[in-house]
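Peer 1: Sequence:
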Amino acid sequence: MRVVSGGVADMIENTTQGANRGLEILLASADEAAMSDQTSSLHLPSRPIAATIAVVVRDQQVLLVRRANPPDQGMWGYPGGKIEAGETLAQAALRELHEETGISAEAIGVLTALDAFDRDADGQVKRHFILIAMLCRWNGGEPVAGDDALDAGWFPVAGLEEGGLELSQDVAWVARKAAGVMEEGA
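Per the numbering used here, the very first residue in the sequence shown carries number 12; after that it's consecutive.
Take the hints with a grain of salt, since some may be wrong.
As the list claims (entries may be wrong) - Derived EDC-like pairs (lysine to aspartate or glutamate); straight-line CA-CA distance at most 20 Å:
1) Lys93 <-> Glu117
2) Lys137 <-> Asp126
3) Lys188 <-> Glu172
4) Lys93 <-> Glu172
5) Lys188 <-> Asp70
6) Lys93 <-> Asp83
7) Lys93 <-> Asp126
8) Lys188 <-> Glu117
9) Lys188 <-> Glu110
10) Lys93 <-> Asp158
11) Lys188 <-> Glu173
12) Lys137 <-> Asp83
13) Lys93 <-> Glu110
14) Lys93 <-> Asp70
15) Lys93 <-> Asp159
Claimed, not checked - Simulated restraints, written as ranges between beta carbons of each label pair:
16) Glu172 <-> Asn150: 39 to 49 Å
17) Arg187 <-> Glu110: 21 to 31 Å
18) Gly196 <-> Gln135: 28 to 38 Å
19) Gly97 <-> Gly174: 35 to 45 Å
20) Glu117 <-> Ala79: 20 to 30 Å
21) Asp133 <-> Glu195: 38 to 48 Å
Hints in this document: simulated from the structure, not taken from any laboratory. The structure presented is a predicted model; accordingly, all values stated were derived computationally and were not measured. All residues carry an ideal CB built from backbone N, CA and C; glycine is no exception.
Working from the sequences, and respecting the hints, build out all of it.
Peer 2: Below, the structure written as structure tokens:
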């Protein structure tokens with residue numbers, strides 16, 4: 012991961028370090044919960060599931076995939092998935108990015124973290140994901156849907172809120188944030 016000094020780059024680096032520490036704690040807790048198979052009275056897993064999303068901005072366009080699986084099946088969001096044991100945030104994001112789109116990129120740093128919920132037909136939470144958004148710089152390739160994606164493509168950041176696409180929660184907000192950081196020279 013390239014480290015750039017000053018302003019936004021320092022913020023990204025500090026956020027990445029904090030997220031990595033938090034992720035270590037979260038994964039350790041999740042391992043303990045998985046071994047004991049504890050669930051709450053609402054039939055929720057006792058711990059959230061750690062996952063990454065790869066946020067790639069190129070020429071004021073953002074890379075999105077149409078999700079093949081829950082949560083948000085059929086909706087447009089970022090390539091991503093669960094973090095495997097021993098992977099860093101950057102490795103997980105780049106692996107998922109390549110599996111779902113074929114795109115090559117460089118991980119810059121953590122952009123933000125989000126909650127995502129997979130709900131049953133009655134609206135009850137089945138799974139709770141913590142999505143760690145990794146800002147990535149496009150290196151090459153054109154998106155081809157693969158693995159867990161039904162479709163993949165580049166979409167103008169400015170047009171995401173016009174209602175043409177059914178977006179997962181916070182996709183437009185994350186895209187604007189990522190485009191702003193990239194404009195500032197990350």
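Peer 1: Now look at each hint and say whether the structure bears it out.
Peer 2: Results of checking the hints against the structure:
{"no.": "1", "hint": "Lys93 <-> Glu117", "result": "holds, 19 Å"}
{"no.": "2", "hint": "Lys137 <-> Asp126", "result": "holds, 13 Å"}
{"no.": "3", "hint": "Lys188 <-> Glu172", "result": "holds, 14 Å"}
{"no.": "4", "hint": "Lys93 <-> Glu172", "result": "violated, 27 Å"}
{"no.": "5", "hint": "Lys188 <-> Asp70", "result": "holds, 14 Å"}
{"no.": "6", "hint": "Lys93 <-> Asp83", "result": "holds, 15 Å"}
{"no.": "7", "hint": "Lys93 <-> Asp126", "result": "holds, 13 Å"}
{"no.": "8", "hint": "Lys188 <-> Glu117", "result": "holds, 18 Å"}
{"no.": "9", "hint": "Lys188 <-> Glu110", "result": "violated, 24 Å"}
{"no.": "10", "hint": "Lys93 <-> Asp158", "result": "holds, 13 Å"}
{"no.": "11", "hint": "Lys188 <-> Glu173", "result": "holds, 17 Å"}
{"no.": "12", "hint": "Lys137 <-> Asp83", "result": "holds, 13 Å"}
{"no.": "13", "hint": "Lys93 <-> Glu110", "result": "holds, 13 Å"}
{"no.": "14", "hint": "Lys93 <-> Asp70", "result": "violated, 28 Å"}
{"no.": "15", "hint": "Lys93 <-> Asp159", "result": "holds, 12 Å"}
{"no.": "16", "hint": "Glu172 <-> Asn150: 39 to 49 Å", "result": "violated, 28 Å"}
{"no.": "17", "hint": "Arg187 <-> Glu110: 21 to 31 Å", "result": "holds, 26 Å"}
{"no.": "18", "hint": "Gly196 <-> Gln135: 28 to 38 Å", "result": "violated, 45 Å"}
{"no.": "19", "hint": "Gly97 <-> Gly174: 35 to 45 Å", "result": "holds, 41 Å"}
{"no.": "20", "hint": "Glu117 <-> Ala79: 20 to 30 Å", "result": "holds, 26 Å"}
{"no.": "21", "hint": "Asp133 <-> Glu195: 38 to 48 Å", "result": "holds, 44 Å"}
In terms of the numbered hints stated before, the structure departs from hints 4, 9, 14, 16 and 18, listed from lowest to highest.
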